[in-house]
Amino acid sequence: MNPDHAVTFEGVSKIYSRSTGRKLLRSHVEGWFGRLPREPFYALNKVSFTLEHCESVAILGSNGAGKSTMLSMVAGLSYPNEGRVTVNGRVAALLELGSGFHPDLTGAENIELNAALLGLSKKRTDYLFDSIVEFSGIGEFIHEPLRTYSSGMMMRLGFSVAVNVDPDILILDEVFAVGDQDFQVKCREKVLSFKKSGKTMLCVSHSTATLNQLCDRAIWLDHGQMVMDGTAAEVIAQYEGRSTAKAGG
Amino acid sequence: MTPALTSRWTGEYRFLLGNLLLKDFRVRYRNMSLGFGWSVASPLVMMGVLTFIFTRVMPSTIEHFPAFVLCGLVPLNFFSLSWLTGTVSLIDNAGLIKRTTFPREIIPIASVLANCLHFAIQIGLLLILVVASGYQPNVNWLFLPVIIVLEIVFACGMALAFSALDVYVRDTRYVVESAITVLIWMVPIFYDSNIIPQKYRVVYHLNPIAAAVMAFRNILLENKMPAFSLVSKLTLVSAVTFGVGLLIFRRLKMRFYDYL
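If you read the protein sequences in the order shown, they are chains A and B. Every number in the working numbering is 757 more than the matching position in the first sequence, counting from 1. With the working numbering, the residue at position 247 of the second sequence is 229, and numbering never jumps.
Simulated from the structure, these hints should not be mistaken for laboratory data. Heads up, a few of these hints could be off.
Stated by the list, open to error - Which residues of chain B face chain A? A few of them, derived with a C-beta cut under 8 Å, are:
| # | residue |
| --- | --- |
| 1 | Trp(-9) |
| 2 | Phe(-3) |
| 3 | Asn1 |
| 4 | Met28 |
| 5 | Ile44 |
| 6 | His46 |
| 7 | Phe47 |
| 8 | Leu78 |
| 9 | Arg233 |
| 10 | Met236 |
Using N, Cα and C, we set each Cβ at its ideal position, and we do this for glycine too.
With the hints as extra help, turn the sequences into a complete structure.
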């Protein structure tokens, strides 16, 4: 373990046996007696890389390539079956914004609950409350139950809470499509300010233009395996080339 | 070595627990027009029915029968509700668990503690009924909080173990539901613990809910301290259950993300 690196993956594999999805007693019992075929499915297959502090990396790949699996391991939500993941620093994961919100609580109540879940102290939450509300642009709706919000408003609120955790490592999974044009600009500015202040970032987005702008480096995954690791411009060019070649053929 | 799940979470336990409890209260009571009234009304209705049945329909020889039955029902109801809501708590909060790294133990424990307000209201009603039946508050009542805390610890242990199992085997909640219907008869609710044959008594003593009910009756209806052997067994079983529950939970929590 080297504390000089932000994130280290050493031969990391994540394997789902096909029976993992089955959660009934019967399938477990059949599993014990070996009646279910246990074909392993590799969500990630022996992936190794090192991320330095201050580096910002784009993760590229089609659906099911293993992007989310990789991010969940960096976030400390799931664990590899083989290999080793080392993370140095406080991680904030912006995954599925607003999924931790409760529709019957008001915006203000949800801010506090979410902040507590993300690991903010009571003092810091009180201190940040006004700036979170202001950043979200929700206005007086903040004291209305969340079920009255539009989905855009909900994601704006989620983004506003999460970026205030003050992380060392920031994980951004498709968060650039949050809210309206104005908010997207604010969102991008915030992320750029993170980059300038030297945070480590891992980004997933379908917009390669955004990734090109935000990231220095890119990792391309396909079926759980690393295809390419290099500068963002290089890898994105190759990746897009592959897509058009496929579409053409 | 895999790091513990909590290693990257640097928040405040109290702040988080407080917020989870507040969420539960707000959601539960905001959606009811009677609010707290329901917590008072449902045991009152129950008491009315019991009083009618056991004084008019099937008169019982046991003195102060409504208070006697309620001494059984209050601890039982709390435990049943806590065990069941605790068991499904992780699945109900799957969204939170898949997205944030807060210590997972806090979810089943918060779900048990969220039932405590309801429990407190029921105990309050029980005490009023006991006094109305002609008993005087006395020094033995000080044992009541001890018994209550032990029961909460036991419920937390059961919630930890079964919530973790429920993530892997979704039948668990139905097993718990069936076990609760059995438990109603394995706890002396409608009968006095004295009629239990001696050879079966140890089973009741080792069942923390039955033990809590017997202790409640000792304290409130017999004006005496619960027997030392009873309280010590209750303490032992509660502590062991909590420890084992936590152990099971810790072993299983690493793969919650994959199964939720």
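Query raised in the report: When the hints from earlier in the document are held up against this structure, which numbers fail?
Result: 4, 5, 6, 7 and 9
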